[in-house]
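Keeping their order, the protein sequence lines are chains A and B. Numbering of the first sequence is given in the working numbering, commencing with residue 1 and proceeding in unit increments. Numbering of the second sequence is given in the working numbering, commencing with residue 1 and proceeding in unit increments.
Wrong hints could be hidden among the right ones.
[As the list claims (entries may be wrong)] Derived Cβ-Cβ restraints for the label pairs, each shown as a range:
| id | chain 1 | residue 1 | chain 2 | residue 2 | range |
| --- | --- | --- | --- | --- | --- |
| 1 | A | Asp-130 | B | Val-37 | 24 to 32 Å |
| 2 | A | Arg-413 | B | Lys-47 | 26 to 34 Å |
| 3 | B | Asn-20 | A | Lys-250 | 21 to 29 Å |
| 4 | A | Asn-311 | B | Pro-11 | 40 to 48 Å |
| 5 | B | Val-37 | A | Thr-457 | 18 to 26 Å |
| 6 | B | Val-37 | A | Asn-210 | 30 to 38 Å |
| 7 | B | Pro-11 | A | Glu-126 | 45 to 53 Å |
| 8 | A | Ser-522 | B | Val-37 | 37 to 45 Å |
| 9 | B | Lys-47 | A | Leu-554 | 51 to 59 Å |
| 10 | B | Lys-47 | A | Ser-353 | 28 to 36 Å |
| 11 | B | Gln-72 | A | Ser-227 | 43 to 51 Å |
[Said to hold, decoys possible] Covered stretches of chain A (chain B as the covering partner; in silico rule of three or more C-beta atoms under 8 Å from a C-beta of chain B):
| id | region |
| --- | --- |
| 12 | 56-62 |
| 13 | 144-156 |
| 14 | 338-348 |
Worth flagging that the hints you see were computed from the coordinates, not collected in a lab. No residue lacks a Cβ here, since even glycine has one placed at the ideal position from N, Cα and C.
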Amino acid sequence: MIYALVGNQNSGKTTLFNALTGSNQHVGNFPGVTVEQKYGIIKGTNYQVVDLPGIYSIRPYSNEEIITRDFILKNNPDAIINIVDAMNIERNLYLTLQLLELRKPTVVALNMMDEVRANNGSINIELLSDLLGVPVVPISAIKEEGISELIRVVEETAKKKRIPKIYDFCKPGPVHRCIHAISHIVEDHADEADVSARYATMQIILDDQNIMDLLKLDENKIEIIKSHVEEMENERGLDCEAAIADMRYKFIENVCNQAVSKPEKSKERTRSVNIDKILTHKYFAIPIFAIIITTIFWITFGPLGTFLADNFEIIIDSGIDIVNAFLTDYGINEIVKSLIVDGILAGVGSVLSFLPLILILFFFLSILEDTGYMARIAFVMDKLLRKIGLSGKSIVPFLIGFGCTVPAVMATRTLPSERDRKLTILLVPFMSCTAKIPIYAFFTDYFFVEHKALIMTGLYFGGIITAVIISTIFNKIAFKGNPIPFVMEMPNYRLPGIKSVILLMWDKAKDFIQRAFTIIVSATILVWFLQSFDLRFNVVEDASLSILGSLGKLMEPIFKPLGFGDYRFVTALVTGLIAKETVVSTLEVLIPTGITTLLTTASALSFLTFTLLYTPCFAAIAAIRREMGSAVKTIGIVIFQIAVAWVVAFTVYQIAGVFI
Amino acid sequence: MTLDQLEIGKPAIITKVNGNGVLRCRLLEMGLIPETVVEVVKTAPLKDPIEITLRSYVLTIRLEEAQLIEVQEVE
């Protein structure tokens, strides 16, 4: 059997999912759903539960809502587990009513009951269950209370295929008449299309074209439906959208008045207000945010991170050395040895070298998210980010991008809208990552000894400015559409659950290794192959004769306008895709005499600009591929970044040529 | 008066929700419907967005969106 877990954001959905499944979680594609979903096996059973995105409504405004709707309608789960935050029951029940209209076996998991009790509130569970017409199970996901009872009730509901008893949420009046009249018209069509007539009716009233097509309604019937809706709007004095929302909330208010004795202003809320007096303070908010991010950065990319990464690298390297020594002893063919050591193991090593970084960063990020501070960041930074057409939360991936593009791209997962997420993924690689510093240092040593700091700062700002310009342009063209409004719930501060923090770290690490492995290892082997053989597949000693060298020569004309049309620079850029530091080592090998004679100051500047802006590395491409969920779009992004790098480097070269 | 003009800490009742399309639906679904009581809690350091409470939860919206919501102060 398969269950769908549905609920609002901040309702404790992920905590419940973790409590239900433990570490038994997987990510996979389900038929009919475009995006991969997280699913797990419920402890002590063999039933699957799918963790659907946190949503407030199933009106399909956003991708998240479409995913949820499609999953429920197309994959027909045996039961829906609707998690409801008891501390915020009115707004949470809005989604519940929409789910009940779908007429699938449903159980309400009433979360945070411990908080309700602790604040002298109470909820009459039996009465609530009667009024909603579905089983209601009180739980506390974080304390893992009521979980086994929930599992039992859901199983029973699914096995007996218990459809919600109530779906009529309207009181007698114009809205009621309208719904019933239309329901009558669409009933047979809905049966034929195998969707709930009530759900279809509600969607049609709200002018959902998809469902009208699905039901194959003729012109005549659509006309009649429209006149019913118009009549209702006139009589009710509200347009259909407001009238339906009003009807649902009136029903909810009535339910709550009977079954819920509201908690007084909760301790959690009072505590949050007090913390926010400092953290979202008029003057302190931004400096505090800067300090927090700098600290995280310092730990990750500073002493602790470097210590872990270095030791980890020593382990990897000694592993490679052992294999190398073994193969040499064995007297294996040199080429096979080179393939294993320089190709496969180098690729594996570069995948693994990202691990400490990802683990540390996601440890902090999940704490920011779980405590509720991330919502405050969005609140504080929103105005700034909106200037370039993004919203507050995007600031976090951008800042991480200055450390490493890979976790930065992975961190876009928490962004509230698909549109923000895609635009952020596109722009994050322009933030200059730490791996590029050795290249900057190498070039400034040769060409800009006097102005090292100026060039470094210039490059960092160059990346930011490029991102700002591109974002502004894209906002006017490609991402115009419907930005999801910034209507965000502000959750109370909470202590992060150790379990969820560790699960998230584990999840991210596993995810990255699984996904990145194929791309990074195969790309590394490909580059190894191109470097080691010539066009007749003979092993080459001189790198200039290799396939890569020949390709580099072939690409020389492309880079000529940028001032570095020498195949050796082109080759370095290609090997730089394995890891940015490789650019320097390749140049040192290919040009033992030093680069000063081959470049002018202007072309050096142009090369640096290109390095700053072109696709960071295979690991970043793997992360982008993972988050975009599409190979075509990923290739598009890579081409786009290279094009941007070319255009900007060209401009820099021309301008610098005039002045220098 | 619209919600963006409401003084901090003064409760008001929503009288009308303007705007259209997705944005308006989202506001309505979050419970910002006529006859609901709202209160502005604070503004962000850069004056925008604002934090409001309604139906015993806390919501942040941009001034742009707050301008769409007509309110009347309650005594």
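Quick rundown of the hints versus the structure:
1. Checked against the given bound of 24 to 32 Å, the beta carbons of A:Asp-130 and B:Val-37, roughly 28 Å apart, stay inside it.
2. Checked against the given bound of 26 to 34 Å, the beta carbons of A:Arg-413 and B:Lys-47, roughly 30 Å apart, stay inside it.
3. Take B:Asn-20 and A:Lys-250: their Cβ atoms lie about 23 Å apart, and the range 21 to 29 Å holds.
4. Take A:Asn-311 and B:Pro-11: their Cβ atoms lie about 58 Å apart, and the range 40 to 48 Å is violated.
5. The hinted window of 18 to 26 Å between B:Val-37 and A:Thr-457 is violated, with their beta carbons roughly 51 Å apart.
6. Restraint check, B:Val-37 to A:Asn-210: a C-beta distance of roughly 36 Å satisfies the suggested window 30 to 38 Å.
7. Here the CB-CB span from B:Pro-11 to A:Glu-126 is close to 34 Å, at odds with the stated 45 to 53 Å.
8. Taking the beta carbon of each, A:Ser-522 and B:Val-37 are about 60 Å apart, not inside 37 to 45 Å as hinted.
9. Against the hinted window of 51 to 59 Å, the Cβ-Cβ separation of B:Lys-47 and A:Leu-554 comes to about 56 Å, which satisfies the hint.
10. The supplied range of 28 to 36 Å is broken by B:Lys-47 and A:Ser-353, whose beta-carbon atoms lie about 44 Å from each other.
11. For the pair B:Gln-72 and A:Ser-227, the beta carbons lie near 34 Å from each other, so the given range of 43 to 51 Å is not met.
12. Coverage of the region 56-62 of chain A by chain B holds. Counting CB-CB distances below 8 Å, 4 residues qualify, and the rule asks for three or more.
13. Restraint check on the region 144-156 of chain A versus chain B: 0 residues with Cβ-Cβ distances below 8 Å, three needed, restraint violated.
14. For the region 338-348 of chain A, the stated coverage by chain B is not satisfied: 0 residues place a CB nearer than 8 Å to a CB of that chain, which falls below the threshold of 3.
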